[in-house]
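There are 4 protein chains.
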Amino acid sequence: MRAPVLTAAEVLAFTEEVFPQMQGRFAIHSLGPGVLTGEMKVTEADLRPGETISGPTMFTAADCAFYLLTLAMIGREALTVTTTCTINFMRKPDIGPLRVEARVLKLGRALCVGDVLIFGTGMDAPVAHASLTYAIPSRG
Amino acid sequence: MRAPVLTAAEVLAFTEEVFPQMQGRFAIHSLGPGVLTGEMKVTEADLRPGETISGPTMFTAADCAFYLLTLAMIGREALTVTTTCTINFMRKPDIGPLRVEARVLKLGRALCVGDVLIFGTGMDAPVAHASLTYAIPSRG
Amino acid sequence: MRAPVLTAAEVLAFTEEVFPQMQGRFAIHSLGPGVLTGEMKVTEADLRPGETISGPTMFTAADCAFYLLTLAMIGREALTVTTTCTINFMRKPDIGPLRVEARVLKLGRALCVGDVLIFGTGMDAPVAHASLTYAIPSRG
Amino acid sequence: MRAPVLTAAEVLAFTEEVFPQMQGRFAIHSLGPGVLTGEMKVTEADLRPGETISGPTMFTAADCAFYLLTLAMIGREALTVTTTCTINFMRKPDIGPLRVEARVLKLGRALCVGDVLIFGTGMDAPVAHASLTYAIPSRG
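Chains as they are written, first to last, in this note's numbering: chain S, 14 to 153; chain C, 14 to 153; chain W, 14 to 153; chain Y, 14 to 153.
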């Protein structure tokens with residue numbers, strides 16, 4: 014796998030410009046060839062009774078992480094979209110930021126395929142695992 | 014498939030009590046043996062540039078619809094949780110409420126399996142399709 | 014959804030030419046705009062202890078059914094390949110042919126997305142449900 | 014993750030007794046806490062035109078690898094069954110044995126969740142990635 018074409022700061026700046034809702038929500042801890050680790054803040058609206066975090070919030074964490082990683086690998090292509098995501102929910106995360114570990118398994122011309130492990134605050138075992146495919150717009 | 018054990022009004026009331034965030038967001042249009050149709054309102058936070066609706070919002074619509082249908086079939090079991098969801102994103106929805114058509118394919122003792130078609134406002138073709146499994150807590 | 018461009022006989026003949034292993038194994042019962050029903054024979058090698066049919070055999074039935082339907086919709090494109098499949102196994106089929114009901118949910122230029130319900134012999138409830146995406150080769 | 018309760022030899026012997034079709038087809042290279050690597054032989058019936066290996070064969074490799082790993086972790090429970098599998102096909106494998114790397118992400122009382130990477134002979138990049146869930150029979 015080759016090196017990313019954007020730095021962590023560049024891909025975050027581009028994403029926050031395109032998705033103003035993400036402003037300040039996501040931090041990238043490391044970025045390398047086909048791999049990204051980071052963290053997503055959790056807000057009041059993400060919580061569920063039983064002192065846990067909602068499924069859609071975990072989906073958002075996986076989707077954002079893989080979007081950031083895909084853009085870091087291919088460059089500023091805002092029209093890159095999720096075509097499919099499978100997410101397995103395995104444990105209840107405690108309340109706190111969600112850590113993510115994303116990796117690209119295949120970067121083709123039309124599709125980027127990979128997966129994301131999601132961890133709760135202070136938990137060693139993953140709370141969810143997502144497999145994602147993004148469609149990359151053709152540069153016609 | 015047998016008939017639901019809760020009415021549409023009963024399952025909505027129970028869900029809004031357990032998830033106050035859902036208050037007023039979801040409407041049930043019809044409820045029958047293993048089938049539910051409904052609609053989810055979309056807010057400013059659900060929008061994306063390009064005048065469309067975010068992937069996590071479509072995931073939320075599918076998850077809520079299948080949660081309501083599962084509870085309607087099994088009764089008030091708040092601890093029922095999503096174990097896995099695969100969602101295929103097929104078209105960009107226009108801005109407006111999302112219509113959902115959910116069906117149960119298997120209602121077992123431990124797992125409820127089914128799928129949800131999501132439609133955009135004024136669109137005949139589905140914008141997304143989700144396959145979901147919910148774990149049903151054992152009644153000890 | 015528009016009409017298929019191949020007849021049931023044409024798509025079966027083309028598939029058996031490309032995949033000689035399928036010879037005589039699959040029958041198409043009906044073919045319409047984005048929908049196909051059919052049946053796959055089960056052989057000794059497909060069986061499992063407990064008088065049932067293996068998971069890989071059900072995967073094969075779903076994959077073949079969606080391949081036939083996709084080709085019927087787009088024409089003779091042998092290089093059409095599965096990019097992703099999610100299959101939920103719900104009940105144990107009795108020994109006997111597997112019936113399939115396949116539908117296309119989106120036929121785009123690059124991807125064909127849909128699902129397949131699989132039924133066992135003499136069973137009303139589905140034994141498995143698969144969601145599939147096929148990549149369609151570009152015609153340069 | 015705790016250590017397996019069966020050795021590689023024990024789990025292979027048990028599986029070949031339960032599924033005689035697997036006799037001699039699968040080899041385990043390593044087995045540790047929640048992880049297994051191995052190899053599946055490919056036969057004439059697994060090939061496809063274009064000198065490659067069929068999708069159902071890759072599904073079989075993923076399913077067998079995760080079955081062996083699950084049994085190694087929980088013991089001789091032949092009734093353990095796949096409830097769901099998502100498989101992403103990423104590259105065409107050359108003809109030759111398929112190598113597999115399986116890991117358990119969650120081993121619960123009722124469900125075992127994990128994934129499997131599949132590699133072709135002499136290929137560094139994975140040809141397919143599968144996420145699987147197995148249901149573990151209750152020991153009532």
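Keep in mind that the hints were calculated from the coordinates and are not lab data.
Wrong hints could be hidden among the right ones.
Any copy will do: because identical chains look the same in the list, a pair fits if it lies in one copy or spans two.
[Said to hold, decoys possible] List of simulated lysine to aspartate or glutamate pairs, EDC-like, C-alpha gap at most 20 Å: (1) K105 <-> E90; (2) K119 <-> E29; (3) K119 <-> D137; (4) K54 <-> E90; (5) K105 <-> E64; (6) K119 <-> D107; (7) K119 <-> E57; (8) K119 <-> D59; (9) K105 <-> E23; (10) K105 <-> E57.
Hints, one by one, checked against the model:
{"no.": "1", "hint": "K105 <-> E90", "result": "between (34 Å within a copy, 17 Å between copies)"}
{"no.": "2", "hint": "K119 <-> E29", "result": "neither (25 Å within a copy, 31 Å between copies)"}
{"no.": "3", "hint": "K119 <-> D137", "result": "between (27 Å within a copy, 12 Å between copies)"}
{"no.": "4", "hint": "K54 <-> E90", "result": "neither (25 Å within a copy, 29 Å between copies)"}
{"no.": "5", "hint": "K105 <-> E64", "result": "within (9 Å within a copy, 34 Å between copies)"}
{"no.": "6", "hint": "K119 <-> D107", "result": "between (32 Å within a copy, 17 Å between copies)"}
{"no.": "7", "hint": "K119 <-> E57", "result": "neither (36 Å within a copy, 28 Å between copies)"}
{"no.": "8", "hint": "K119 <-> D59", "result": "neither (31 Å within a copy, 23 Å between copies)"}
{"no.": "9", "hint": "K105 <-> E23", "result": "neither (33 Å within a copy, 27 Å between copies)"}
{"no.": "10", "hint": "K105 <-> E57", "result": "within (16 Å within a copy, 28 Å between copies)"}
Going through the hint list in order, the structure does not satisfy hints 2, 4, 7, 8 and 9.
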